[in-house]
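Number of protein chains: 2
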Amino acid sequence: MNLHALKKLVVGSPLATAQARHERLSKTAALAVFSSDALSSVAYATEEILLILVLAGSAALYLSIPIGVAIAILIAVVVSSYRQTILAYPQGGGSYIVTKDNLGTLPGLISAGALLIDYVLTVAVSMAAGVAALTSAVPALFDYRVAIGVGFVAAITLANLRGLRESGKLFALPTYLFVGAAGILILYGLVRWALAWDVAAQATRPFTPAAQDLTIFLILRAFASGCAALTGVEAVSDGIPAFKPPEARNARIVLGWLGVILVSLFMGITFLARHYHLTPMVEETIVSQLARQIFGESLFYFFIQGATMLILVLAANTAFADFPRLSFFLARDGFLPRQFGSRGDRLVFSNGILILGGTAALLLVIFGGSTHGLIPLYAVGVFLSFTLSQASMVRRWLARHEPGWRWRWWVNAVGATTTGAVVLVITATKFTHGAWVVVLLIPLLVVMFMAIHRHYADVAGQLSLDGYEGPPPLEHTVLVLVGDIHRGVIHALQYARTLAPSVKGVYVELDPDKTRRLEEKWIKWGMGAPLVVLSSPYRSLLQPFLEYLNHLLALGDNHMVTIVIPEFVPKHWWQHLLHNQTALLIKGALLFRKNVVVTDVPYHLH
Amino acid sequence: MNLHALKKLVVGSPLATAQARHERLSKTAALAVFSSDALSSVAYATEEILLILVLAGSAALYLSIPIGVAIAILIAVVVSSYRQTILAYPQGGGSYIVTKDNLGTLPGLISAGALLIDYVLTVAVSMAAGVAALTSAVPALFDYRVAIGVGFVAAITLANLRGLRESGKLFALPTYLFVGAAGILILYGLVRWALAWDVAAQATRPFTPAAQDLTIFLILRAFASGCAALTGVEAVSDGIPAFKPPEARNARIVLGWLGVILVSLFMGITFLARHYHLTPMVEETIVSQLARQIFGESLFYFFIQGATMLILVLAANTAFADFPRLSFFLARDGFLPRQFGSRGDRLVFSNGILILGGTAALLLVIFGGSTHGLIPLYAVGVFLSFTLSQASMVRRWLARHEPGWRWRWWVNAVGATTTGAVVLVITATKFTHGAWVVVLLIPLLVVMFMAIHRHYADVAGQLSLDGYEGPPPLEHTVLVLVGDIHRGVIHALQYARTLAPSVKGVYVELDPDKTRRLEEKWIKWGMGAPLVVLSSPYRSLLQPFLEYLNHLLALGDNHMVTIVIPEFVPKHWWQHLLHNQTALLIKGALLFRKNVVVTDVPYHLH
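In the order they appear, the protein sequences are chains H and X.
Residue numbering for the first sequence follows the working numbering, starting at 1 and increasing by one per position.
Residue numbering for the second sequence follows the working numbering, starting at 1 and increasing by one per position.
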């Protein structure tokens with residue numbers, strides 16, 4: 001079949017179940033795999049803070065430093081808190097599982113809903129920021145940013161459908177390239193600052209007048225936007241089974257490294273952006289402005305932009321592993337359609353991948369490929385799942401009293417309280433800017449999860465064999481629809497007679513003259529079966545037949561009617577257009593009718 | 001069903017076959033019904049002549065008078081020629097039937113193809129011209145002309161689907177209003193000319209410089225454009241059975257009247273347009289310019305524009321009777337799909353009406369609602385069918401020697417020769433302006449007609465019972481697809497056992513552990529039927545099953561396999577999304593497979 005060949009070309013040949021394998025990662029490889037999402041957010045977090053502050057004019061931009069410090073502290077709190085989770089869940093502690101375990105199903109589902117939304121936003125935001133890194137360096141591409149973003153999403157969706165795994169080799173190079181490039185940028189920038197080389201340049205920066213007052217609310221909003229820097233921090237604790245043994249210990253070390261690198265890069269960029277008095281611009285990112293300022297338009301500038309773009313694309317790719325996996329867990333527990341629970345030809349959860357790619361591409365189009373437009377929707381879900389996950393740990397330590405539980409309880413309690421407060425800040429300050437969508441969507445998703453669960457439970461109950469005493473005896477009538485008498489009809493009649501000894505032909509009369517001729521032929525070819533003739537004053541084939549059928553079905557609840565429809569199959573598909581689609585019409589009208597079975601009997605023409 | 005209710009609301013309740021009725025028309029009513037198409041063309045024919053002449057500059061416009069005279073002579077020839085056809089075909093002499101009768105099938109099909117194209121163009125051109133009459137009077141609507149035109153086509157399509165008949169009452173008023181309005185315009189204009197009242201106004205007309213040389217070719221092209229005035233002249237001879245008796249005599253009289261009125265209106269407008277030195281303008285029609293010149297922007301001016309618009313819309317409406325009728329004849333003879341041969345709920349040929357409306361609307365969009373753009377495609381088909389129809393009559397008189405055949409032979413011979421020459425002129429002068437489309441399309445349609453005919457003949461031969469000795473004996477295997485064991489599967493198994501004594505369950509194994517549990521349940525619930533377990537290394541449900549099926553089918557050519565698929569039917573349609581669509585998948589894969597019957601057995605959930 002052609003469709004099959006096309007799918008094979010695009011997605012590749014099927015893989016056998018036995019080919020599923022697991023790769024264990026060293027600490028350096030694991031850092032690369034699990035940190036790309038978190039580290040890549042430094043490419044836009046500083047800019048999002050400045051974008052809000054600049055509303056109060058250039059003079060307010062100095063506040064980026066204290067806000068940056070607050071976010072750095074928040075990172076430290078969250079990292080410490082997750083290091084406790086790793087100890088408790090060495091098999092992998094995704095927020096859905098941890099929360100469902102400790103706080104119950106409903107909080108677990110809230111966490112799952114928040115995460116699903118978040119994975120979609122991770123793809124959209126990372127792609128938008130990745131394209132922004134590209135168009136900052138090559139401004140001619142700016143007008144095509146939506147198309148480029150959608151193209152990237154399509155490419156990564158395809159790669160994942162083919163079964164791109166979270167391979168250490170694939171991730172190590174871009175992640176370390178970015179860490180190296182950003183590190184050099186920051187270090188060299190600090191040197192120039194220490195030696196006061198760029199004093200003249202600062203004076204030339206444009207002055208932006210204030211559009212709003214500098215209120216506490218605005219400062220909190222800037223902080224809320226900067227919280228995007230924390231997205232992806234939880235990835236290490238989700239992926240513990242992929243570490244080389246001792247898994248939990250290695251994961252804790254890597255999470256520590258991640259925290260240190262993240263804080264360093266984020267604070268470095270925030271400090272230098274302030275030092276150079278950088279102001280956010282529509283067509284160029286802050287990182288690009290900074291790199292251009294420090295290195296000029298040299299080869300190294302383009303290298304930095306390229307590395308930034310690459311890590312952002314990889315960050316999107318991690319969501320392509322996380323979203324289908326969470327969907328699988330949800331489907332396994334009956335909260336999402338079963339289709340999310342099965343692996344495709346290439347051993348990946350194709351349905352989840354397709355939905356993630358499609359939704360993210362749609363968001364890119366809706367928001368015109370702009371990172372800033374998407375940011376207000378972002379961190380809500382992340383921090384909600386942080387909070388639920390930490391709160392679960394608080395409950396767990398209290399319930400189990402494992403070694404060191406008092407101290408760990410404190411760490412997680414601080415984590416839960418802090419991230420909970422951040423959820424409130426983000427929701428309040430960004431509500432009217434788009435966060436309301438997420439606040440509305442999470443309960444809707446939870447209601448959907450529960451409705452699906454109820455449906456599956458209900459179906460299972462109705463189909464259950466517990467206490468079932470077998471079906472009542474069945475009566476069976478077989479009808480053959482006759483429009484004319486030809487070889488195809490005789491073939492169908494013969495087939496029908498193998499199904500049941502007593503078969504009736506049914507003919508809907510449109511023209512009485514034709515009926516007489518047909519009845520004569522039926523005497524010769526009808527194999528002794530009676531022919532029922534139904535009259536049709538309105539030339540409808542369907543109506544008289546349905547009335548007759550209703551009459552038969554009224555005979556009893558265990559009376560089944562099989563309708564045999566002779567259908568001749570022409571050689572070429574287009575020839576179907578040349579024949580009345582009576583069979584299709586009748587099948588459509590009787591679809592899912594109780595106690596009715598519609599059977600086409602094909603007769604092949606050559 | 002909802003769709004059914006919607007259709008009823010839009011199209012109306014079904015009508016019984018016995019409600020079909022025929023209305024006989026008096027001569028005045030018949031003139032109104034059958035002349036609207038022909039008469040309405042005077043609204044644009046003069047303008048189309050001027051539009052070509054003006055290419056050679058204002059100085060060339062005087063040629064409209066001799067060209068007009070040539071066209072008037074042509075009208076006289078064609079009318080005389082068709083008066084002979086009426087005598088020979090008192091049951092109605094449409095070009096397809098007349099040509100097929102006398103010249104054979106292929107010329108008949110050429111004529112039919114030309115006519116079908118022509119009916120579509122009649123709708124498009126008349127609507128475009130009708131909208132131009134409206135926007136000339138209300139220039140604010142000019143920018144919406146495409147939308148208005150498509151809206152008119154949609155409205156008239158709907159009216160015809162509901163069963164608007166060619167009612168004398170409906171047509172009489174607008175046709176006579178137009179004849180009256182145009183008559184007063186011309187008479188009063190001639191009075192003003194005779195009394196030389198408008199000499200000053202003429203001098204103010206703008207002078208247009210020549211863009212092309214005034215060649216014979218250009219003059220012939222102007223003549224070809226003006227031939228649009230003849231479209232619709234054949235309508236009377238198609239509709240003879242609708243006249244009161246004596247039908248043929250009344251029809252000949254009406255056709256004579258039509259010729260006289262048509263020539264008068266066309267020559268009157270052409271003469272006055274020349275007298276006032278009118279020049280074609282994009283935003284105002286010649287008739288509107290003329291009416292404005294003679295009556296000023298008075299109420300009568302708007303009356304003329306309204307009457308013009310109305311008759312153009314009616315002209316389009318006649319094509320809605322002709323196109324489906326011709327399609328019906330073609331379908332009856334096996335040259336178009338059968339679907340064109342059946343009447344819909346409202347006793348009209350719905351398929352033909354829909355295709356005509358859709359294609360005409362599409363043309364309006366493609367040509368931006370411009371009459372001028374469509375004109376080069378127009379008259380080719382009309383004159384081709386004129387020529388074939390007259391040539392048929394020439395052949396007929398020669399063959400039959402009916403009373404007066406010598407004289408009639410001469411009339412038709414002159415008609416055929418003249419219209420044949422016009423076909424050549426139109427094709428040659430307008431070929432590169434769009435006529436090529438029609439020249440290409442007519443043979444394509446003929447090839448399609450013949451391919452359809454061949455297909456039907458082929459099918460009829462294969463299905464024929466002549467020499468058929470009945471079907472060979474049939475062997476029958478019934479398989480029940482088992483995915484799990486629940487009440488729905490047991491219901492399907494019970495059903496399958498009423499079909500054949502030996503039934504097999506078939507299970508595709510994805511997980512060996514599940515197989516063992518299933519086999520245990522099967523012992524209890526399987527009703528003694530054997531269970532075939534197929535292994536699936538690539539997790540595909542379909543592939544192993546298809547291989548097994550191929551194995552069974554290979555047993556012999558008269559071995560049929562019925563596949564029973566248990567399908568449970570949830571209460572709400574959206575719940576279908578929550579279940580694997582295995583049944584659909586398998587039906588799709590086996591669609592029209594030889595010797596395979598797929599049977600869904602629904603199990604209803606509440």
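Read the hints as simulated data drawn from the structure, not as lab findings.
Do not rely on the hints blindly, as some may be mistaken.
Identical chains share a label here; the pair holds if one copy fits it or two copies do between them.
Claimed, not checked - Cross-link-like lysine-lysine pairs, in silico, DSS-like; alpha carbons within 30 Å at most: (1) K27 with K524; (2) K504 with K514; (3) K244 with K587; (4) K524 with K594; (5) K244 with K571; (6) K27 with K504; (7) K521 with K244; (8) K244 with K524; (9) K521 with K594; (10) K27 with K514; (11) K521 with K27.
Against the structure, the hints come out as follows:
| no. | hint | result |
| --- | --- | --- |
| 1 | K27 with K524 | neither (84 Å within a copy, 54 Å between copies) |
| 2 | K504 with K514 | within (19 Å within a copy, 43 Å between copies) |
| 3 | K244 with K587 | neither (58 Å within a copy, 47 Å between copies) |
| 4 | K524 with K594 | between (35 Å within a copy, 27 Å between copies) |
| 5 | K244 with K571 | neither (60 Å within a copy, 50 Å between copies) |
| 6 | K27 with K504 | neither (75 Å within a copy, 55 Å between copies) |
| 7 | K521 with K244 | neither (80 Å within a copy, 42 Å between copies) |
| 8 | K244 with K524 | neither (81 Å within a copy, 48 Å between copies) |
| 9 | K521 with K594 | between (34 Å within a copy, 26 Å between copies) |
| 10 | K27 with K514 | neither (84 Å within a copy, 38 Å between copies) |
| 11 | K521 with K27 | neither (84 Å within a copy, 48 Å between copies) |
Hints 1, 3, 5, 6, 7, 8, 10 and 11 from the list above are not met by this structure, while the remaining hints are.
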